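Participant: Spelled out, the chains give:
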Amino acid sequence: SQTIHQWPATLVQPVGSPLSLECTVEGTSNPNLYWYRQAAGRGLQLLFYSVGIGQISSEVPQNLSASRPQDRQFILSSKKLLLSDSGFYLCAWSGQGATYEKLFFGSGTQLSVL
Amino acid sequence: GENVEQHPSTLSVQEGDSAVIKCTYSDSASNYFPWYKQELGKRPQLIIDIRSNVGEKKDQRIAVTLNKTAKHFSLHITETQPEDSAVYFCAASRGDDKIIFGKGTRLHILP
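Here the protein sequences come in this chain order: A and B. Residues in the first sequence are numbered consecutively from 1140, following our numbering. Residues in the second sequence are numbered consecutively from 27, following our numbering.
Isolated chain A (complex conformation) (with noise of 0.2 Å):
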């Protein structure tokens, strides 16, 4: 069955530093990868998604990255974190077939500014 796995479950950075979460699916090949922001009031904000290695689109310009260096690999970086950064970050994944559209979370991360 697949997987998903997200670390770091909580991390507390102060503004200027750098950020890395990194997310990875098991048990399928060639997903689509999501990274989602959930702020209070804001719901489910879409940050990027991939549908292929090196391939990435932004939605909301910002001072966050993404990247996808193996298939089933997806990392959200930051050279210089804002307060704004501050809020619960969910990857996640949908597949092919039976499940092509249907999105499946990570555990998320809690990510703290100071």
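No lab work stands behind these hints: they were computed from the structure. Among the clues, some could well be false.
[Unchecked claim] In silico EDC-like links for lysine to aspartate or glutamate, alpha-carbon gap of 20 Å or less:
1) K63/B to E1240/A
2) K68/B to E1198/A
3) K83/B to E1198/A
4) K1241/A to E82/B
5) K124/B to E1198/A
6) K1241/A to D85/B
7) K1241/A to E65/B
8) K129/B to D1224/A
9) K1241/A to E28/B
10) K1241/A to D123/B
[To be verified] Covered stretches of chain A, going by a simulated chain B footprint (3 or more residues, C-beta under 8 Å):
11) 1185 to 1195
12) 1244 to 1250
In this text, all values refer to a predicted model and were calculated from it rather than measured experimentally. Ideal Cβ placement from N, Cα and C applies to all residues, glycine included.
Dock chain B against chain A, hints included.
Facilitator: For chain B alone, kept in the frame of chain A given last:
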């Protein structure tokens, strides 16, 4: 791009009563409309979805209706139970791999 509006932001209903959450979308090319439930401290999980070629879909106490002309869709929960308390998200997609969510509805089931 697609924009999904969801109402209400908070909803309280007596246990046993029905709950209705409504969403509108802007992109007429959207053809897939899922609903996700997020319990406190947990990840969102798909509970029901509907495609644009049908107007209604039901799964036990949960149903979703879609009006493509008006570009709105709704989630209906009947005979609500305490375990229905959660945040519910609607979403829309036109099949280009991008899924856009509404801001969520916090549903409280009152004893």
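Participant: For this structure, which hints from the list above don't hold up?
Facilitator: 2, 3
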